[in-house]
Amino acid sequence: MAAIAQIKRLTKKFHTLTAVEDLSFTVEEGDVYGFLGQNGAGKSTTLRMLLSLVSPTSGAIELLGMNLATHRKEILREIGAVIEQPELYTFLSALENLQLFSRLSGRPLKRPQLMEQLELVGLAGRAKDAVSTYSMGMKQRLGLAVALVHDPQLLILDEPTNGLDPQGIADIRNLILHLSRDRKKTLIISSHLLSEVQVLATRILIIDKGRKVVEGAADQLLDPADTMVLLETLDNAGARAKLGQSPWASSLQPSIDKETILLKMDKQQIPAFNEDLVRLHIGVVRLEPRHTLEDYFLHLTTSSQHVAPFAN
Amino acid sequence: MWPLLQIELLKIFRKPRTYISFVAIAVMVWLIQLAFYADGESYLKFGMQALTNSFDVHGKVLNGYLVCYIILQTFLMQVPLLIALVAGDMIAGEANMGTLRLLLTKPAGRGELLAAKFTATFIYTVSLLIWMAVLALAGSILIFGVGDLMILRGSEVDLHLVGDVIWRYAAAFGFATVAMTTVAALAFLLSVFAENAVGPIVATVSVVIVFTILSTMDIPFFNHVKPFLFTTHMIAWKGFFYTPVPWSAIWVSFGILMGHILLLGGAAWIAFKKKDILC
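So the protein sequences, as listed, match chains A and B. Sequential numbering from 2 applies to the first sequence in the working numbering. Sequential numbering from 19 applies to the second sequence in the working numbering.
Just chain A, same shape as in the assembly (with noise of 0.2 Å):
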């Protein structure tokens, strides 16, 4: 499959603050693409990166197969976008909004063409009522139906159920599944809520602080196979050490935080490296594997203050 995106060493500075520090990441066509990670971690600094509203500080970002730098306007065309809340001109109506937005997509499209639109995200019935009466809800399907409406081969959402009651939920999730399938478009999606993202993505990218923690297939990263092994130690550097000699040395991950050491590995094979660890002289404190999807996300992001909404 053709890469639809394309990240290379991106990273943006404000003033002393690093929001996004060299990351990397592919997205393939037909992808649907999760970028998860706490709140503050950096996915809306890149998503904003992605659509040139922000500019990087370094680092290359190729979408379409070309330069965001040099072509800009060939790639907006291409791109439907709902950054965070979707605001659009309350003192408008749907159709007015749509219409304008049409426009200025450079494919402005005839009232039956954008009655469709409104017809998919299922605001037909109110497309002549000004936006400032719309619920939450509706605003955000609005969003879409503006994301979507010059048809684009790459959509980018931006916490698209943020705010949402669980029936709105309901409806973007499908909405977005029906993109996705029916529609054959190629999403990005970012969130701070797993579960959606578990939901919905084929791929999922997790960061935290602004830098990759770690990127795969949904399917992969949920596999009990592939079981995180959490490792404290009394000495985390020397036992990092030990264990880089030893046959366990592929299994080590990148290093989180000083306090702990990551470990991939089969479930099957814990016991055999606990022998291992009595072996080598390490001093356990803690050997914890995670099974799920959480709660390896749930590690490698907790040392960010927000852990309690995902601690069920």
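These are calculated hints, taken from the structure and not from any lab test. Every residue gets a Cβ at the ideal spot worked out from N, C-alpha and C, and that includes glycine. Heads up, a few of these hints could be off.
Stated by the list, open to error - Far from chain B, some chain A residues (derived; all Cβ distances over 12 Å): (1) P167; (2) A171; (3) I283.
Claimed, not checked - When the alpha-carbon atoms are kept at most 20 Å apart in a straight line, the in silico PhoX-like pairs for lysine-lysine are as follows: (4) A/K259 with A/K213; (5) A/K265 with A/K213; (6) B/K256 with B/K244; (7) B/K293 with A/K74; (8) A/K243 with A/K210; (9) A/K243 with A/K14; (10) B/K293 with A/K14; (11) A/K265 with A/K243; (12) B/K291 with A/K14; (13) A/K14 with A/K213; (14) B/K33 with A/K129; (15) A/K129 with A/K111; (16) B/K292 with A/K14; (17) A/K259 with A/K243; (18) B/K292 with A/K74; (19) A/K210 with A/K9; (20) A/K9 with A/K213; (21) B/K78 with B/K63; (22) A/K74 with B/K291.
Got chain A sorted already, so can you dock chain B onto it with the hints?
Okay, now just chain B, sitting in the frame of chain A:
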């Protein structure tokens, strides 16, 4: 750029806030006209006391031309406020609403968008001045009729015959368009840096007030800075009513105002092109 401009005009003229300015101007003009209609003669008698002690003044002094001139002088401070109300909202208002990021994800250049917004602001400014001209000049002529225009200027009197007045108003309104566009350009530049329209609107009005005070105060210390303040040149439209018309001074003021527009517009352009859209 035409579709972008159409969209910007649609947004300006569909916003209720836009019409505040038109209503405010209508109310102010009508109040002045009503005051002159009710008590204009005694007001003029008082104002011309010094003149009538030495000269006999015959004819219809209180006419539409004079009332319009008085209205224009009175509106020196109010119209910039009304211009800033819309110009200051053009970028910051969109940033505040969150629509700026949506606009910029569409395949239009930032420069194009800015140009469309500034052109739309200019059209709004021109519309407001045409509205003012219709109410102040045409309305006053309708109520008070026409006559020779007599203007007291310090110890001097400028007298223009009835057939020699209209072109002066046309030129004055044309010049006022440039002056108000300068205010719009200032509000527009400040709007690029803000994420709420209140800031640029208040800042623009404050700058105009402070500069106007400095421009009009006759204190030697301030006389050195006066030529550099755009507010000093904004009132050069009055020159069209002097005898003789000080053409060279008017052209200098025109050039300085145009320079301000280009400078402020250019700064807005550079800042907007580099701006990170975080709101």
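Evaluation of the provided hints:
1. Taking the minimum C-beta to C-beta distance to chain B, about 25 Å, the non-interface status of A/P167 holds against the 12 Å cut.
2. No beta-carbon of chain B comes within 12 Å of the beta-carbon of A/A171; the shortest separation is about 25 Å.
3. Once the 12 Å rule is applied to beta carbons, A/I283 is consistent with being away from chain B; the minimum gap is 46 Å.
4. Note on A/K259 and A/K213: the hinted pairing holds, with a Cα-Cα distance of about 17 Å set against a maximum of 20 Å.
5. Of the pairs offered as hints, the one joining A/K265 and A/K213 holds, with about 17 Å between alpha carbons and a cut-off of 20 Å not exceeded.
6. A hinted pair counts as satisfied when its Cα atoms are at most 20 Å apart, and B/K256 with B/K244 qualifies at roughly 17 Å.
7. Of the pairs offered as hints, the one joining B/K293 and A/K74 holds, with about 17 Å between alpha carbons and a cut-off of 20 Å not exceeded.
8. Only pairs whose Cα atoms come within 20 Å are accepted, and A/K243 paired with A/K210 is rejected, the gap being roughly 29 Å.
9. A hinted pair counts as satisfied when its Cα atoms are at most 20 Å apart, and A/K243 with A/K14 does not qualify at roughly 36 Å.
10. As the CA atoms of B/K293 and A/K14 are separated by approximately 14 Å, the hinted pair is consistent with the 20 Å bound.
11. Taken as a hint, the A/K265 and A/K243 pair is honoured in the structure, with Cα atoms around 16 Å apart against an allowance of 20 Å.
12. Pair hint B/K291 plus A/K14 holds up; C-alpha atoms about 18 Å apart against a cutoff of 20 Å.
13. Note on A/K14 and A/K213: the hinted pairing holds, with a Cα-Cα distance of about 16 Å set against a maximum of 20 Å.
14. Pair hint B/K33 plus A/K129 holds up; C-alpha atoms about 17 Å apart against a cutoff of 20 Å.
15. A hinted pair counts as satisfied when its Cα atoms are at most 20 Å apart, and A/K129 with A/K111 qualifies at roughly 15 Å.
16. Note on B/K292 and A/K14: the hinted pairing holds, with a Cα-Cα distance of about 14 Å set against a maximum of 20 Å.
17. In summary, the hint linking A/K259 to A/K243 is supported, as the alpha carbons are separated by about 16 Å, within the 20 Å threshold.
18. Of the pairs offered as hints, the one joining B/K292 and A/K74 holds, with about 16 Å between alpha carbons and a cut-off of 20 Å not exceeded.
19. Proximity of A/K210 to A/K9 is assessed by CA-CA distance (about 17 Å); at most 20 Å being required, the pair is judged to hold.
20. The straight-line distance between the Cα atoms of A/K9 and A/K213 is roughly 12 Å, inside the 20 Å bound, and the hint therefore holds.
21. Under the criterion of a C-alpha separation no larger than 20 Å, the hint pairing B/K78 with B/K63 is consistent with the structure, at around 12 Å.
22. Between A/K74 and B/K291, the direct Cα distance comes to roughly 14 Å. Compliance with the 20 Å bound is thereby established for this hinted pair.
The structure fails hints 8, 9 (numbered hints given earlier, in ascending order).
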